[in-house]
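Protein chains: 2
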Amino acid sequence: MTNELMARRQAVLGPNVPTFYDNPVHLVRGSGVWAWDMDGNKYLDCYNNVPHVGHCHPHVVAAISEQAATLNTHTRYLHDGIVSYGERLTAKFQMELDQVIMVCSGSEANDIALRMAQAMTGKVGIISTDNTYHGNTMAVSQLSSRKPPIGGYAAHVRHVPAPDTLRPVGGSFANQAEAFAKEIQKAIDDLEAAGHGFSGFLFCPTFANEGLPDLPQNFMRPAERVIKAAGGVLISDEVQPGFGRSGGTWWGHDWLGLSPDVVTLGKPMANGHPVAAVVARSEVMSAFRNAFGYFNTFGGNPVSCAAAAATLDVIEQDNLVENARIIGGEFLERLAQISHSSIASLRGRGLFVALELEKDGEADERLAAHVVEYARNHGMLMGRTGRNRNILKLRPPMPFCSADTECATHILADAFAVDVT
Amino acid sequence: MTNELMARRQAVLGPNVPTFYDNPVHLVRGSGVWAWDMDGNKYLDCYNNVPHVGHCHPHVVAAISEQAATLNTHTRYLHDGIVSYGERLTAKFQMELDQVIMVCSGSEANDIALRMAQAMTGKVGIISTDNTYHGNTMAVSQLSSRKPPIGGYAAHVRHVPAPDTLRPVGGSFANQAEAFAKEIQKAIDDLEAAGHGFSGFLFCPTFANEGLPDLPQNFMRPAERVIKAAGGVLISDEVQPGFGRSGGTWWGHDWLGLSPDVVTLGKPMANGHPVAAVVARSEVMSAFRNAFGYFNTFGGNPVSCAAAAATLDVIEQDNLVENARIIGGEFLERLAQISHSSIASLRGRGLFVALELEKDGEADERLAAHVVEYARNHGMLMGRTGRNRNILKLRPPMPFCSADTECATHILADAFAVDVT
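Chains as they are written, first to last, in my numbering: chain A, 1 to 421; chain B, 422 to 842.
It should be emphasised that the hints constitute simulated quantities derived from the structure, not laboratory data.
All C-beta atoms, glycine included, are put in the ideal place defined by N, C-alpha and C.
Honestly, I wouldn't trust all of these hints.
To be verified - Below are the SDA-like pairs computed for lysine to any residue, each with C-alpha atoms no more than 25 Å apart in a straight line: (1) K568/B with Y294/A; (2) K92/A with A432/B; (3) K568/B with N290/A; (4) K513/B with R8/A; (5) K42/A with E4/A; (6) K649/B with A615/B; (7) K649/B with H577/B; (8) K228/A with I571/B; (9) K649/B with A712/B; (10) K513/B with W671/B; (11) K42/A with E487/B; (12) K42/A with S486/B; (13) K147/A with E704/B; (14) K568/B with V438/B; (15) K147/A with S703/B; (16) K568/B with E283/A; (17) K568/B with Q142/A; (18) K513/B with K780/B; (19) K359/A with G151/A; (20) K780/B with L767/B; (21) K147/A with G714/B; (22) K359/A with P161/A; (23) K568/B with R588/B; (24) K92/A with M427/B; (25) K603/B with P643/B; (26) K649/B with G151/A; (27) K603/B with P589/B; (28) K359/A with N388/A; (29) K92/A with P436/B.
As the list claims (entries may be wrong) - A few chain A positions that, by computed beta-carbon distances, are all more than 12 Å from chain B: (30) L166; (31) R167; (32) N175; (33) W250; (34) W255; (35) T409.
Bound-form chain A, shown alone (with noise of 0.2 Å):
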């Protein structure tokens, strides 16, 4: 079934279009924290950060069913579904970051954040980390270390080694961020000599991709200094972190002390349902505005905006950004009894925790991929993520409980006793 299934899969689908694991899972139901397979095996989800309130919410999924039943028009008419959503998620951030475009996807907020760069500087020069992924359009990808563009790099693009707990930038973790601050200084430079100029910096503030290496809560503040006295516009992908995820705060940024000038969102924004949006300060989105004329057909519909509402609501109803800190530090705490001697690294903020795995000071590749092998066989989704794909990565709905913290850790404690290097 599941290889008669594979094979449609490759025939329609095409090449390179991989699933998870050795052994696919073919999920077939989800609820809270939980998935099942068409087998009925069941599986703590500590993967999918698209679920933020957890799959299929029944009050997510009632909000979907009743605006699809009511209306799903586009914004050229007035609806109060998008000013009503806009008004309640502007003030959830930094008072002058006030404005926003819905669209369906975090590439494409991504896409509109270049521009909005490009439109407040009149210049094109563009940085992100040599560590990351921002998206996937043509323009979006060139930021992409994961997954090179087609045809190469363009010329207006520069990489900055991403910050690294075990091999810092500048290589001393207490000089990190001023290390960081300089390799940006360097590529803004080598922009403006080339004649791009520097339009902006494009980041993650948890370094999601880049492996979620600790940092200290100034970490930025260099950097931050460096891009505002270039001119340059400094753009928060809040795809990941965003959405209380990092636990404490709604915002990465806000974590890290920042003023940025645009915010992306994205995943988790709506539960699965495919709604993005760019926040922006004022004077950045009429730059934008004013110099393109931007429509998104699917963008901030009822029923996209119905779904983000509901969303917003169990954040808040259930007290989601704390219950991330909370959780999340008990996760750590329990995660850190586990003994290995590969694991280099326990490091967390909110629900997004990692285990760096290294054996003689390289990175320990097979273990990762045993460990992400073992709890699919055990009953838990994970992941890994890092230069070499060392990084255990857990990221589960945000209703992750005690229990769920205790139970994951079991079965990773598992699958490193099992482990026979």
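Since the structure of chain A is already known, use the hints to place chain B on it.
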């Protein structure tokens, strides 16, 4: 109430986000080909192609509701939804168009199509018409003369004169097909000479944004010959004409007797749920998939596939492709009875009808604006297009029936009758 909402809308969305109409329509409910505003006024919808099988079609709403309550996740897990839908969808195409990528918007689809052309040819030069719109990403906005990109057009883009009913390319309707092909050849030569090379031609097979010009069925044959002889990828943007809109055939390119290499789909695909796709020949898909590790978080998720499959169900069960042909023909016949000196051309393809207005040989934009506003004030939604916004555009949901054509014609006849020029 409307004024207050407009003010709040502008405050949170920023400038240059227009609504339709002098007095914006504040829609609250839709059903079939009808929509209602918040004062209870009812509108015959002759504008919206996104609610393809009718506003809030219960079969589509039920499919969305049921799947949203069951499972919504990404395509790195196995799921029958994307495979079964992909098979059903590609079965509607010429045999060699047998693979699909599912995404969230027509813009994302066209952004991929551009890269498919690059991956196939190793070149970057791209051609579209000079009176068109294909989407809003940074890369795709290069093709759109309607919404020029920030910073101006890139060097690898060429725009050829769009086909036109009243002012044909080359000066004569009979020679327009050859003249259009010659313009494309000129652009190809120019791209090759400039060192960009020619990767492909992206066009809408009904030239919908170009004003839906009347064209013979063999119009694109000379152009296709030129494009294929130069090794270019032929990309048919079916976001507007697809799924039977143009009547009698599922796709605009089938009516033209063309064999595109890539087809992009969007707006009507899931009746308003944010779903779009790229269908391609397997060698084109392989070239793209092997050149770039494309993954779209929301693309092809089980809810999107359920919505798209349910939309296909209704199109098939209610014979909407044939309905578009028959009712579209009837609509044209009725509209031909309206007499006004400014009606320079009445033309249509299925349920997409255009009335081009001129006065003394000049575009009559004033009259077009009057008719659209009059219709809005008398219970009908419609739009206008064209270089000078002088072409009335009627593009209702597909379950449009004979009585609806009568109703629409009546309102239009009144609008022309009361015009006091």
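Hint-by-hint comparison with the structure:
The straight-line distance between the Cα atoms of K568/B and Y294/A is roughly 8 Å, inside the 25 Å bound, and the hint therefore holds. Restraint check for K92/A and A432/B: satisfied, since their Cα atoms lie roughly 16 Å apart, inside the 25 Å limit. For the proposed pair K568/B and N290/A, the alpha carbon gap of about 11 Å is at most 25 Å, so the pair holds. Note on K513/B and R8/A: the hinted pairing holds, with a Cα-Cα distance of about 17 Å set against a maximum of 25 Å.
Distance hint between K42/A and E4/A is fulfilled; the C-alpha atoms sit about 22 Å from each other, no more than 25 Å. The straight-line distance between the Cα atoms of K649/B and A615/B is roughly 20 Å, inside the 25 Å bound, and the hint therefore holds. The hinted pair formed by K649/B and H577/B meets the criterion: a straight-line CA distance of about 19 Å does not exceed 25 Å. With a C-alpha separation of about 22 Å, the suggested pairing of K228/A with I571/B holds against the 25 Å cut-off.
Of the supplied pair hints, the one linking K649/B and A712/B holds, its CA atoms being roughly 22 Å apart against a limit of 25 Å. For the hint linking K513/B to W671/B, the alpha-carbon distance of about 7 Å falls within 25 Å, and the restraint holds. A threshold of 25 Å between alpha carbons decides the hint, and for K42/A with E487/B the separation of about 20 Å falls inside it, so the pair holds. Proposed proximity of K42/A and S486/B is supported: the alpha carbons are some 23 Å apart, at most 25 Å.
At most 25 Å may separate the alpha-carbon atoms for a hinted pair to count; K147/A and E704/B meet this at roughly 21 Å. The straight-line distance between the Cα atoms of K568/B and V438/B is roughly 13 Å, inside the 25 Å bound, and the hint therefore holds. At roughly 21 Å between alpha-carbon atoms, K147/A and S703/B fall within 25 Å of each other, so this suggested pair holds. This hinted pair checks out: K568/B and E283/A have alpha carbons roughly 21 Å apart, not beyond 25 Å.
A distance of roughly 23 Å separates the Cα atoms of K568/B and Q142/A; the hinted pair therefore holds under the 25 Å criterion. Proximity of K513/B to K780/B is assessed by CA-CA distance (about 43 Å); at most 25 Å being required, the pair is judged violated. Simply put, K359/A and G151/A have alpha-carbon atoms about 36 Å apart, too far for the 25 Å limit, and the pair is violated. Our distance criterion of 25 Å between C-alpha atoms is met by K780/B and L767/B, whose separation comes to about 15 Å.
Annotation: proposed proximity of K147/A to G714/B holds, straight-line Cα distance about 6 Å (limit 25 Å). Taken as a hint, the K359/A and P161/A pair is honoured in the structure, with Cα atoms around 23 Å apart against an allowance of 25 Å. Note on K568/B and R588/B: the hinted pairing holds, with a Cα-Cα distance of about 22 Å set against a maximum of 25 Å. A hinted pair counts as satisfied when its Cα atoms are at most 25 Å apart, and K92/A with M427/B qualifies at roughly 22 Å.
Proposed proximity of K603/B and P643/B is supported: the alpha carbons are some 9 Å apart, at most 25 Å. Among the hinted pairs, K649/B with G151/A is consistent with the structure: their alpha-carbon atoms are about 22 Å apart, no more than 25 Å. Distance restraint check for K603/B and P589/B: the Cα-Cα separation of roughly 13 Å lies within the 25 Å cut-off, and the hinted pair is therefore satisfied. Distance restraint check for K359/A and N388/A: the Cα-Cα separation of roughly 13 Å lies within the 25 Å cut-off, and the hinted pair is therefore satisfied.
This hinted pair checks out: K92/A and P436/B have alpha carbons roughly 21 Å apart, not beyond 25 Å. The claim that L166/A is not at the interface with chain B holds, since no C-beta of that chain comes within 12 Å of its own (minimum 26 Å). Against chain B, the non-interface label of R167/A holds: every CB pair exceeds 12 Å, the least being about 25 Å. For N175/A, the non-interface assignment is confirmed: its Cβ lies about 34 Å from the closest Cβ of chain B, beyond the 12 Å cut-off.
Its beta-carbon lying about 17 Å from the closest one in chain B, W250/A satisfies the requirement of being farther than 12 Å from that chain. Look at W255/A: its CB is around 24 Å from the nearest CB on chain B, clear of 12 Å, so calling it non-interface holds up. In this structure T409/A is separated from chain B by more than 12 Å, as the shortest Cβ-Cβ distance comes to about 24 Å.
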